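A.B. asks: Single-letter residue listing:
Number of protein chains: 2
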Amino acid sequence: MHIAILTFDGYNELDSIVALGILHRVKRPGWRVSLACPTPTVTSMNGVVLQAQATLADANAADAVIVGSGIKTREIAQDATILGALKLDPSRQLIGAQCSGTLLLAKLGLLGQGADRLPACTDLITRPWVQEAGVEVLNQPFFARGNVATAGGCLASQYLAAWLIARLVGGDEGEREAHSALHYVAPVGEKDDYVARALGHVRPYLPATAHTVPA
Amino acid sequence: MHIAILTFDGYNELDSIVALGILHRVKRPGWRVSLACPTPTVTSMNGVVLQAQATLADANAADAVIVGSGIKTREIAQDATILGALKLDPSRQLIGAQCSGTLLLAKLGLLGQGADRLPACTDLITRPWVQEAGVEVLNQPFFARGNVATAGGCLASQYLAAWLIARLVGGDEGEREAHSALHYVAPVGEKDDYVARALGHVRPYLPATAHTVPA
Numbered sequence: 463m464h465i466a467i468l469t470f471d472g473y474n475e476l477d478s479i480v481a482l483g484i485l486h487r488v489k490r491p492g493w494r495v496s497l498a499c500p501t502p503t504v505t506s507m508n509g510v511v512l513q514a515q516a517t518l519a520d521a522n523a524a525d526a527v528i529v530g531s532g533i534k535t536r537e538i539a540q541d542a543t544i545l546g547a548l549k550l551d552p553s554r555q556l557i558g559a560q561c562s563g564t565l566l567l568a569k570l571g572l573l574g575q576g577a578d579r580l581p582a583c584t585d586l587i588t589r590p591w592v593q594e595a596g597v598e599v600l601n602q603p604f605f606a607r608g609n610v611a612t613a614g615g616c617l618a619s620q621y622l623a624a625w626l627i628a629r630l631v632g633g634d635e636g637e638r639e640a641h642s643a644l645h646y647v648a649p650v651g652e653k654d655d656y657v658a659r660a661l662g663h664v665r666p667y668l669p670a671t672a673h674t675v676p677a
Numbered sequence: 463m464h465i466a467i468l469t470f471d472g473y474n475e476l477d478s479i480v481a482l483g484i485l486h487r488v489k490r491p492g493w494r495v496s497l498a499c500p501t502p503t504v505t506s507m508n509g510v511v512l513q514a515q516a517t518l519a520d521a522n523a524a525d526a527v528i529v530g531s532g533i534k535t536r537e538i539a540q541d542a543t544i545l546g547a548l549k550l551d552p553s554r555q556l557i558g559a560q561c562s563g564t565l566l567l568a569k570l571g572l573l574g575q576g577a578d579r580l581p582a583c584t585d586l587i588t589r590p591w592v593q594e595a596g597v598e599v600l601n602q603p604f605f606a607r608g609n610v611a612t613a614g615g616c617l618a619s620q621y622l623a624a625w626l627i628a629r630l631v632g633g634d635e636g637e638r639e640a641h642s643a644l645h646y647v648a649p650v651g652e653k654d655d656y657v658a659r660a661l662g663h664v665r666p667y668l669p670a671t672a673h674t675v676p677a
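Protein chains in written order, with my numbering: chain G, 463 to 677; chain W, 463 to 677.
With the rest of the complex left out, here is chain G (with noise of 0.2 Å):
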């Protein structure tokens, strides 16, 4: 089970960061995280060095996918090579965006057409660029519908991050192993509060029977 998250030059640490450190606290044979850029280093907003580990091919082919954000989402989501190199499908994998993220995923269709376009979450500064591509844009940490998900926010990474657990695991124990990772990553003395938070704002995107991702 391999999940990418794209991280490109000006990423916002967090919206990469947090996810993958919770992703990563699941211990599967198989599971495997990502940070999938598409030059061998990018430089965050604030100027952190971190060393591609996947390239944007591997996402195309990853199980899962965190569309990151960043300072530079508006000139990617119009670099042509960038976009044409995404080969990314909700019929045959999940996909999660953070903050600006939400306006790649919109860029590439993802968000789907006319009155079957999802509404989406995104942070407070990306939201006019987001609605200007003719999507409506929640009050609300995050939001998912069948095998797309998007979050607002940089800590709302985490309920990102617990969908994805719960959804790529599947079932009871799926939901289980986001509450784990989520356990471990909460301050001490609030562990109960934030898992309880964090699976109450993901539990209404699950899926009643089948949690698995189509295969």
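Heads up, some of the hints might be wrong.
[Stated by the list, open to error] DSS-like cross-link-like pairs, simulated, lysine-lysine; straight-line CA separation at most 27 Å:
(1) W/K549 <-> G/K534
(2) W/K549 <-> W/K534
(3) W/K489 <-> W/K534
(4) G/K653 <-> G/K534
(5) W/K653 <-> W/K489
(6) G/K653 <-> W/K534
(7) W/K653 <-> G/K653
(8) W/K549 <-> W/K569
(9) G/K489 <-> G/K534
(10) G/K489 <-> W/K549
(11) G/K534 <-> G/K549
(12) G/K534 <-> W/K489
(13) G/K569 <-> G/K549
[Unchecked claim] Covered stretches of chain G (chain W as the covering partner; in silico rule of three or more C-beta atoms under 8 Å from a C-beta of chain W):
(14) 581–588
(15) 632–642
For the record, the hints were derived by calculation from the structure and aren't laboratory data.
As the structure is a computational prediction, the values presented were derived from the model and not from experiment.
Even glycine gets a Cβ: it sits at the ideal position worked out from N, Cα and C.
Fit chain W to the supplied structure of chain G, relying on the hints for placement.
C.D. replies: Chain W in isolation, oriented as in the chain G frame:
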């Protein structure tokens, strides 16, 4: 104003990066936040390689230092080269430790001695090691006395960052800056709750009169 985040091989991504992202929300002349490492690159507990932005010597000269956490802290706490290179001094610096970073603070003697020894926060895994070092571990996410603070649980790093901003900027302005930084990173739709909870943890440890770090 330089805040150095000590980040070693085996580092926990959330523990270094969440604080970094929040601290970078402060946009003031001379405000600088860096990842301070013993080597030019460090590799996280989950294989994330990032480039150092400062040295341990830079951290010794910083206005504030966060001791990050990771899976190798127990080894580092016995590494004479690293311990010898660290010259942290709470009489001229704000010092914060995150999770297993608290163990390093204890080994460096920065939690005080005997009856004056500070109680501290740490994560649930490091807890017995900190207790073995003779420190009372609190069942809460954040504690500070004077210029030394500790936080337990990855996401408690937001409280440590808020305390540093409030103290370094000082006074009502410091609390406003902390509020603004927390508000930015909090999930959409629950920003006020997040900010209130975080400031609720930090405010009891802010000086009533002089919020500024001693010269």
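A.B. asks: Now tell me, hint by hint, if it's right for this structure.
C.D. replies: Status of each hint after checking the structure:
Restraint check: the Cα-Cα separation between W/K549 and G/K534 comes to about 39 Å, which exceeds 27 Å; the hinted pair is violated. Simply put, W/K549 and W/K534 have alpha-carbon atoms about 20 Å apart, close enough for the 27 Å limit, and the pair holds. Among the hinted pairs, W/K489 with W/K534 is inconsistent with the structure: their alpha-carbon atoms are about 33 Å apart, more than 27 Å. Distance hint between G/K653 and G/K534 is unfulfilled; the C-alpha atoms sit about 34 Å from each other, more than 27 Å.
For the hint pairing W/K653 with W/K489, the CA-to-CA distance comes to about 20 Å; that is within 27 Å, so the pair holds. At most 27 Å may separate the alpha-carbon atoms for a hinted pair to count; G/K653 and W/K534 meet this at roughly 24 Å. Proposed proximity of W/K653 and G/K653 is supported: the alpha carbons are some 19 Å apart, at most 27 Å. Distance restraint check for W/K549 and W/K569: the Cα-Cα separation of roughly 13 Å lies within the 27 Å cut-off, and the hinted pair is therefore satisfied.
The suggested pairing of G/K489 with G/K534 is violated, with an alpha-carbon distance near 33 Å, which exceeds 27 Å. As the CA atoms of G/K489 and W/K549 are separated by approximately 38 Å, the hinted pair breaks the 27 Å bound. Our distance criterion of 27 Å between C-alpha atoms is met by G/K534 and G/K549, whose separation comes to about 20 Å. Using a Cα cut-off of 27 Å, the hinted pair G/K534 and W/K489 holds, with the two alpha carbons roughly 19 Å apart.
Note on G/K569 and G/K549: the hinted pairing holds, with a Cα-Cα distance of about 13 Å set against a maximum of 27 Å. Only residues whose beta carbon comes within less than 8 Å of a beta carbon in chain W count, and the segment 581–588 of chain G has 4; three or more means the coverage holds. Given a C-beta distance limit of less than 8 Å, the hint that chain W covers the segment 632–642 of chain G is violated, as 0 residues qualify and 3 are needed.
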